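Read in this note's numbering, the sequence shown has 91 at position 89, and its numbers run on one by one without any break.
Accuracy of the hints is not assured; some may be wrong.
[Stated by the list, open to error] Simulated restraints, written as ranges between beta carbons of each label pair:
#, residue 1, residue 2, range
1, G25, E91, 35 to 43 Å
2, G121, G38, 27 to 35 Å
3, Y102, E42, 25 to 33 Å
4, L95, E42, 32 to 40 Å
5, N20, N45, 13 to 21 Å
6, I19, I106, 29 to 37 Å
7, N20, K140, 14 to 22 Å
8, D100, E24, 35 to 43 Å
9, R112, A28, 18 to 26 Å
10, I33, Q99, 27 to 35 Å
I should point out that these hints are in silico values taken from the structure, not numbers from a laboratory.
Every value quoted in this text rests on a predicted model; they were computed, and no experiment measured them.
Beta carbons are placed, not taken as given, at the ideal position from N, Cα and C, and that holds for glycine.
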Amino acid sequence: MGGCLSIRIRENVMKCINVKCEGKPAYDIVIESGFGGLSEAFNKLEITGRKLCIVTDSNVGPLYAEQVKNELEKTGNAVYVYTFAAGEENKTLDTVQDVYEYLIENHFDRNDCLVALGGGVVGDLTGFSAATYLRGIKFIQV
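Could you build all of it, start to finish, from the sequences and the hints given here?
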């Protein structure tokens with residue numbers, strides 16, 4: 003798998019790292035000092051008319067979920083927040099099932115998107131949930 007990762011950095015208002023695999027664009031990493039550019043970044047992805055579900059934990063959610071929700075609502079998308087108990091012990095299929103149930107209750111479909119707001123456990127759990135819900139939906143880590 004050598005040579006799979008190639009990175010190019012662009013700078014404007016925010017820093018953007020373009021990650022490529024075998025010369026083809028894979029994804030971008032956008033680095034910003036706050037949440038102020040989040041709606042702009044989502045608009046560039048052309049994610050409109052969708053439902054976004056911010057998945058976070060009980061440590062990060064109370065600090066930042068409302069701020070991120072308000073910023074993402076500027077994109078015109080419906081924004082939901084799902085919070086689970088913090089801790090490695092909650093990185094389980096039971097928690098994934100709880101995420102699925104929340105998505106089903108709120109009628110999320112294959113065109114919608116999960117947004118991970120948090121670190122390792124949140125990112126892992128949200129990424130897995132996105133990859134396996136309805137055979138895969140969009141996933142963005144904040």
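Taking the hints in turn, this is what the structure says about them:
1. G25 / E91: 35 to 43 Å: At 41 Å between Cβs, range holds.
2. G121 / G38: 27 to 35 Å: Between G121 and G38, where Cβ atoms are some 21 Å apart, the hint is violated.
3. Y102 / E42: 25 to 33 Å: Because 30 Å falls inside the window, the suggested range holds.
4. L95 / E42: 32 to 40 Å: 36 Å, holds
5. N20 / N45: 13 to 21 Å: 18 Å, holds
6. I19 / I106: 29 to 37 Å: Given about 35 Å between the Cβ atoms, the range holds.
7. N20 / K140: 14 to 22 Å: 18 Å, holds
8. D100 / E24: 35 to 43 Å: 37 Å, holds
9. R112 / A28: 18 to 26 Å: 21 Å, holds
10. I33 / Q99: 27 to 35 Å: Once the Cβ atoms are compared, 33 Å apart, the range 27 to 35 Å for Q99 and I33 holds.
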